[in-house]
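Residue strings, one per chain:
Protein chains: 4
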Amino acid sequence: MIIVMDINATAGQVKHVIENIEKRDLTPVIIEGQSRNVIGITGETTQMSMRDFEATDGVSEVIRVSAPYKLANRAFHPEDSHIQVRDRIVGGQELAIMAGPCSVEGEEEIISIAKRMKAAGANMLRGGAFKPRTSPYSFQGLEMEGIKMLVKAREETGLPIVTELMSKDYVDEFAEHVDVIQIGARNMQNYDLLKAVGRTQTPVLLKRGMSATYEEWLMAAEYIMSEGNSNVMLCERGIRTFETETRNCLDIQAVPVLNKLSHLPVIIDPSHAAGTREYIAATSRAAVAAGADGLIIETHACPEDAWSDGAQSLTPDEFDKLMEEVAKIAKAMDRTLPEVK
Amino acid sequence: MIIVMDINATAGQVKHVIENIEKRDLTPVIIEGQSRNVIGITGETTQMSMRDFEATDGVSEVIRVSAPYKLANRAFHPEDSHIQVRDRIVGGQELAIMAGPCSVEGEEEIISIAKRMKAAGANMLRGGAFKPRTSPYSFQGLEMEGIKMLVKAREETGLPIVTELMSKDYVDEFAEHVDVIQIGARNMQNYDLLKAVGRTQTPVLLKRGMSATYEEWLMAAEYIMSEGNSNVMLCERGIRTFETETRNCLDIQAVPVLNKLSHLPVIIDPSHAAGTREYIAATSRAAVAAGADGLIIETHACPEDAWSDGAQSLTPDEFDKLMEEVAKIAKAMDRTLPEVK
Amino acid sequence: MIIVMDINATAGQVKHVIENIEKRDLTPVIIEGQSRNVIGITGETTQMSMRDFEATDGVSEVIRVSAPYKLANRAFHPEDSHIQVRDRIVGGQELAIMAGPCSVEGEEEIISIAKRMKAAGANMLRGGAFKPRTSPYSFQGLEMEGIKMLVKAREETGLPIVTELMSKDYVDEFAEHVDVIQIGARNMQNYDLLKAVGRTQTPVLLKRGMSATYEEWLMAAEYIMSEGNSNVMLCERGIRTFETETRNCLDIQAVPVLNKLSHLPVIIDPSHAAGTREYIAATSRAAVAAGADGLIIETHACPEDAWSDGAQSLTPDEFDKLMEEVAKIAKAMDRTLPEVK
Amino acid sequence: MIIVMDINATAGQVKHVIENIEKRDLTPVIIEGQSRNVIGITGETTQMSMRDFEATDGVSEVIRVSAPYKLANRAFHPEDSHIQVRDRIVGGQELAIMAGPCSVEGEEEIISIAKRMKAAGANMLRGGAFKPRTSPYSFQGLEMEGIKMLVKAREETGLPIVTELMSKDYVDEFAEHVDVIQIGARNMQNYDLLKAVGRTQTPVLLKRGMSATYEEWLMAAEYIMSEGNSNVMLCERGIRTFETETRNCLDIQAVPVLNKLSHLPVIIDPSHAAGTREYIAATSRAAVAAGADGLIIETHACPEDAWSDGAQSLTPDEFDKLMEEVAKIAKAMDRTLPEVK
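Residue numbers (the numbering used here), protein chains in the order written: chain A, 25 to 365; chain B, 25 to 365; chain C, 25 to 365; chain D, 25 to 365.
No wet-lab data here; the hints were simulated from the structure.
Nothing false has been slipped in among the hints.
In this list, chains with the same sequence are indistinguishable; a pair is considered to hold if it fits within one copy or across any two.
When the alpha-carbon atoms are kept at most 30 Å apart in a straight line, the in silico DSSO-like pairs for lysine-lysine are as follows:
(1) LYS139 - LYS352
(2) LYS39 - LYS345
(3) LYS192 - LYS219
(4) LYS39 - LYS284
(5) LYS345 - LYS176
(6) LYS172 - LYS219
(7) LYS284 - LYS352
(8) LYS172 - LYS192
Just need the whole structure built from these sequences, with the hints factored in.
Structure below.
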């Protein structure tokens, strides 16, 4: 950690900062600059807040040099993490292909789309039972009924199920029935919820918040991991910018950046980035070419009738075509797609 | 609601959209443009999702004309809302001045700062007992112990207490003991929590999410109100932009915009916008001049020793000076400050 | 164009708007909604400003339905544009690979890197002679001397040269000597400069402004095209967001979006998006997989000694490796790379 | 300047960086941290680019400690700058009130509005003769004819004239006839233009770019000042964010931040921030309360008929009312408004 003093900081203020550093059993190193002093701190500072020193008189700025996350940090875990989801591995050579409807709408519907997705090459089934809707007047999901339908669909197809948890109330039931617990963008810093899923061993798909920095996102992963659950996958789904033609701006550089900073697998969600069907294929191919470990794609037997997010849901036939295109890129990247059984 | 068809939309696609509108007991009006058709929908569309039509073939764009919020909407509630907080009214002529430490750090400390703030002109006491920290390794608050200390401080000073709720688990205890429940920026779209506070009658201070639009923010208020609690105050605390010199960008136009769109009171939080003491006075004055109904300001007896957010906490003397400056602007605006007793 | 009236708009105000529409020889269509009226306008509105009606009393909002650009619009030019750059075609099956140093630093240096880049598979040479630097104290480029060196490098290698024009003063000399005139992000809305290059027939590489929407960008292209030069290539180089780990956020969805909205070729600049060498390979692969028509990459014989942008410049060996990776993705996309002669 | 080495940087890489520092006659100070080394640089680094070291192997990050601007920096010029504009002073106790139409539309019109604005309390006349329009098909301004009309209006009223320069071609004519040369947001980093106005002595109103950081903005001011013209006023006109209800987000904290970083006067433009008349009064009051040195406001005798920006133009009567409100805030701030003669 580095403390930049004000141009006019007095000798007394510098001394005071130095004493504060020493009080914490850390070692200060002073750099006497032309116009101001800078004080480096050496020692174990990971768990210290930068803001601890910012309030001190004479301090202009505090700069963190080491990342504040440990468990999610590649520096302390150089190999890629492989996350076991039933009999699949996420983060290895095979790409994770999570597909299915935005909302679970009925038992028959979810089983039917699950079979279709499996035939098309998906290796996991996504489907929302608890839906975070901007409007309280919109459909809020089938809730635990929906979870039961997903379980049925898994029984029929063998596909592990990925679904969003919005309330700590259901964490035990999710841990029992669900294969991957999704934490949505809106809840990325719902620390109460993060801690709750951290106390299970169920794999977690942690979506990036609407305007979360990489560091905040990795700190959210750290919340889960520090409770004991290291099965975390990071999901980029687009960030908010000034552009309105797309629903969000897919930050493709998240793939190489996270691969450098962290050992956790990275999944891309082109559906929520695009907000509309027509941009999904291009972004999916880009995601695989950038080195992502998987895709999560919204599909629906009849998007027009979907209870939510129809505009960004692919039809099964469009999904077939997408898989064909993705297969070519995967091959060029020495990655494999799930074998269609 | 307005549906813009694709340039190449077929007659069949237009017909299909029209039938879908009529199926919902709404009335379509077709505008045949030079290059494309546009279909207006008349009838009750507030509770309809724009996205319902976006998935339909031949549809280019769906544009909402009426705001999707009802209870928070000034159109249906033209007079300003006045929120009763114990014996104070927020949203009337008197400004709400909420002051106190970022974190409650001890009984003695909180009582002492509460007395000092009251003497300086605050009419509510803020203080965090449950702290949403970016790092799981940072101090997480004194939790229910902290709430008890706030209650003691209220007993000593008569100041109503404002404090953040992060978990539904404590909603009953908050409803019993706390005067204003704060929902933090990170939880603005934690719908589970919004519904829970919506089922109490305790006034809620709803902070704007880091990158929430006005509409999303008012929809979050609508979540609370639609559960039966109409005592909602909106708190602008800065939004996230590319600028890093300040912690957040205070959106001063939020005051006139919200005053137009909604009848709910608007409180400004200059502390979290600035992130540093030195910009707080200017922004506080601006907030009052823009027409805000109150301020929430972090203060600490000794910011350097604060357990959190010291850099943006004013000392009691700085707060005195701030109140002097704010008083002049309040007077120019025909607003009053709490009488110092 | 659609005019949304205020909820409380009077009959007189509606009448006034209708008269204004008719005065322009356009046809109004009224949609009488439950709470407000909406007026559609049919006729030729492309060259009309939305803001023309926004100032009228009783008008709440004006919404444009048709894109305001014509010449850059795919709707009126369905086939892809192919831009001839000497003996190359940009926008066809072969990818444009523009490589070279940020700044031209000397004749020997530019010739040497040009030969090396050609051998590695580039088909155009980039190099800055006029440099837009944030600081007036930084090196501003070799100016016309640098252009002469680029011309020499073209003579030696046959590679067309791509270089930035910052001032109208040099437009004639650029038109005479340069093969592709680059307009930088900072000058995307320097209309004086856009009009000047629009009066030449030299191909233009138009970079997206730091926070330009697609529409503003295409309108900038329209400025060039409406002066008579239709040889415009669009270059996505990352947009500004809150994230600071990368220099800019590469908006990968720009590729499919621009391919839908426009017929102009799309080039991706991973160097300025990344700001650092290590993220360039992943983004380059993603760009090609998304369907981009080319890449522009900064390279330097010894990045550490580069006069500018060394951190984001690849060494020739790194560029060789990049081309190998890109070749695989190009093949998967049925695109070809320049033949190495 | 501080150089943060990679965690795995070798001793050789550290040595190499140190040698590079010494080669520039600067002094390195090494801080040996637990996980990595940090190297402080002392000496004159203002004119050095941070990026000089970023390309070096083993370097993780380079952090600038001192601001890269000198002439605009308050550290080297502690007193407020006062800019003389004819017989007015900007930056002193009297507020600058620049008012007038977006575009100059005719001699009679500009003289008439100038008289009206003067009577209402403005002390400068704004009006655009060269208009930066997003569309090439929109009205581009009356150009030099418009300048002549402004000059006439000055002759009639004595009000100094403020108008935008878009092309270096007219810099001499502007220097001769115009009192304040405005550089628009789109041209904030048009360095060619900045240097040209820097070679005059005419006061410059430098608008902040759409997404410019404070540092980039002050560096743009530095471009002008380093050419010899120190008469620079900074104009905040809102930045681009995700919010679309307002045209731009007015960054009110720009006032205290710029007052800390720089000695140059700060003017606020509420018209372009709001984009609509109804938010202008609140923001104008806020600007003065925050400590701004002036306002620039668009007005029009009949906004509905304005050739540009009518929606955000106040009528003369609305402007009268605004001045009344602003006067109260100015008084509370111990600032004066121009005396109405």
